[in-house]
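S.K.: Given chain S, work out where chain Z should sit, using these hints.
Protein chains: 2
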Amino acid sequence: MTDWTQQTETARIWFESLRDRICAEFEAIEREAGSDAGFQYDSWNREEEGNADPGGGTRGLMKGKVFEKVGVNVSTVRGNFAKEFAATINGASADSPGFTATGISLVAHMANPHVPAVHMNTRFLTTGKAWFGGGADLNPPIPYAEDTDEFHACFRAACAAHNPTYYERFKKWADDYFYIPHRGVHRGVGGIFYDHLECEDSAVDEGAAFDRNLAFTKDVGEAFLDIFPRLVRRRMDSAFTAQDKQTQLEWRGRYAEFNLVYDRGTLFGLKTGGNIDAILMSLPPEAVWS
Amino acid sequence: MTDWTQQTETARIWFESLRDRICAEFEAIEREAGSDAGFQYDSWNREEEGNADPGGGTRGLMKGKVFEKVGVNVSTVRGNFAKEFAATINGASADSPGFTATGISLVAHMANPHVPAVHMNTRFLTTGKAWFGGGADLNPPIPYAEDTDEFHACFRAACAAHNPTYYERFKKWADDYFYIPHRGVHRGVGGIFYDHLECEDSAVDEGAAFDRNLAFTKDVGEAFLDIFPRLVRRRMDSAFTAQDKQTQLEWRGRYAEFNLVYDRGTLFGLKTGGNIDAILMSLPPEAVWS
Chain S
148 MTDWTQQTET ARIWFESLRD RICAEFEAIE REAGSDAGFQ YDSWNREEEG
198 NADPGGGTRG LMKGKVFEKV GVNVSTVRGN FAKEFAATIN GASADSPGFT
248 ATGISLVAHM ANPHVPAVHM NTRFLTTGKA WFGGGADLNP PIPYAEDTDE
298 FHACFRAACA AHNPTYYERF KKWADDYFYI PHRGVHRGVG GIFYDHLECE
348 DSAVDEGAAF DRNLAFTKDV GEAFLDIFPR LVRRRMDSAF TAQDKQTQLE
398 WRGRYAEFNL VYDRGTLFGL KTGGNIDAIL MSLPPEAVWS
Chain Z
148 MTDWTQQTET ARIWFESLRD RICAEFEAIE REAGSDAGFQ YDSWNREEEG
198 NADPGGGTRG LMKGKVFEKV GVNVSTVRGN FAKEFAATIN GASADSPGFT
248 ATGISLVAHM ANPHVPAVHM NTRFLTTGKA WFGGGADLNP PIPYAEDTDE
298 FHACFRAACA AHNPTYYERF KKWADDYFYI PHRGVHRGVG GIFYDHLECE
348 DSAVDEGAAF DRNLAFTKDV GEAFLDIFPR LVRRRMDSAF TAQDKQTQLE
398 WRGRYAEFNL VYDRGTLFGL KTGGNIDAIL MSLPPEAVWS
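Taken in order, these protein sequences are the chains called S and Z. Numbers given in the working numbering equal positions in the first sequence, counted from 1, plus 147. Numbers given in the working numbering equal positions in the second sequence, counted from 1, plus 147.
Treat the hints with caution; some may be incorrect.
Note that identical chains are pooled: a pair holds if it fits in a single copy or bridges any two copies.
Result set (EDC-like, lysine to aspartate or glutamate): computed pairs, CA atoms no more than 20 Å apart in a straight line [claimed, not checked]:
#1 LYS210 - ASP384
#2 LYS392 - GLU433
#3 LYS418 - ASP323
#4 LYS210 - GLU174
#5 LYS418 - GLU194
Keep in mind the hints are simulated off the structure, nothing from the lab.
Bound-form chain S, shown alone (with noise of 0.2 Å):
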């Protein structure tokens, strides 16, 4: 079995140094609002009986006047699934339920309802095989066709770099995941969302797979550096009404009701002890139901 220990630290500093670049260019959005809002970090350590080395990571957050609520987090965690749990997990399996996990996640919810509100996550896993996964959606309470067209085409052109199916596939697969069937609406307008990127070598593709996973994924982190501050600059400073606020809320109790019914990552979490804190950084600072 190949040893990932290499490659695993390698994606870490990677997510870790997107996460310092993403953090200073939020906080520097603040600071042209006249705001000297900054990030909280809180470290925390993962446990599991009879590992030495398990892990943990460190929540972001930061509570601003244009970032209402944003939450980054970074983890790098170590070690052995539950035995039932390993059975339903990509290459793992109740003989073989050692893993790693190394990614970063963010979700910020934005006090002008101008503003989109966004989520993006990528990461690196190893069990007895080993992938990259992530992707990125735009959540706009008031949508702007020019805001959801500039989002997708960043997207679009970061994928057609690395491979001409990504993008297709990988936006349906965000309209696929981030839908609501209950309401029948999608959470928001889409992006991309991509899992099972895999990294053994094979004599079918040309040259290492770790690294044109990485490079892609580095290249979805860099798309969203780009494109999100452009979206918040663009709409932070818009006048609003009490209805648009109003708007806001409910469409967050939507994004609320997704988080808490569908997503996979937060019912994981939720259910296998995890950091509460930094799994429901997802949710909304407010909601409503009206």
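M.R.: For chain Z alone, kept in the frame of chain S given last:
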């Protein structure tokens, strides 16, 4: 197989008359607070292919000065469970998927954080079997031992009049059910929860089981109508601080988490195409996640 048509009608009439009395009492409380708020009623019809008389319900909603948002729903429905689902239901099966259900459900979220929120629900179901279920639990953002004790005492008395084992069993059932495992806390301060009070007459018990169980279910409704308005009147004029309100809004976040992640009725409704407005009536008017 027993024909439960007449009993279903008897139960429906009780649930609707209880609804009328509860709503009248809540509107009286609003008038005492100088508000002219009243319930708005919306009827909905259930749809089931090939079923000419699938039933429906009425959703009552009031947004007042004391009751920030209170929903009181009654419904009476009949039809056939989907086959794969029928196998999971007491007394139903793929060969015998027919059911009727009639009941009342109520959730009140209060404007003043010193006034407890509350939930109450009772119902009569028939499949191949027939049974009553229900319960009530008190959900104070800021608990008062006096209120909690009186709420429990009222349901203890309702139980004791019918069966010496009921209160202890049904209180524990509520404690076990209204629990948020990922937080390690209860949703509120409990109450009672019961299910599968079977109505088929048996040689062991004396008298008609339906009549006994209906009488108990009526006393649960009467206990609610006795105690909850008293608690509301006791606290509705209490002064509260911005911090008290914040405590209430954060507490409502926990309430929304319970209902969306764990509540069987909510998930059953969402995942089987129920009436969304009626199902999600239970969600708080406003919640925050800090």
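S.K.: Given identical chains, is LYS210 near ASP384, meaning Cα to Cα at most 20 Å, within a copy, between copies, both, or neither?
M.R.: For LYS210 and ASP384, only the intra-copy Cα distance (17 Å) is at most 20 Å; the inter-copy one is 33 Å.
S.K.: Please sort LYS210 with GLU174 into within, between, both or neither, judging by C-alpha distance up to 20 Å.
M.R.: within (10 Å within a copy, 40 Å between copies)
S.K.: For the identical chains here, do LYS418 and ASP323 meet the 20 Å Cα criterion within one copy, between copies, both, or neither?
M.R.: Classified as between: cross-chain Cα gap 16 Å, same-chain 23 Å, threshold 20 Å.
S.K.: Given a CA cutoff of 20 Å, do LYS392 and GLU433 count as a within-copy pair, a between-copy pair, both, or neither?
M.R.: both (11 Å within a copy, 13 Å between copies)
S.K.: 20 Å Cα cut-off: does LYS418 pair with GLU194 within a copy, between copies, both or neither?
M.R.: within (15 Å within a copy, 34 Å between copies)
Checked against the numbered hints listed earlier, the structure breaks none of them; every hint is satisfied.
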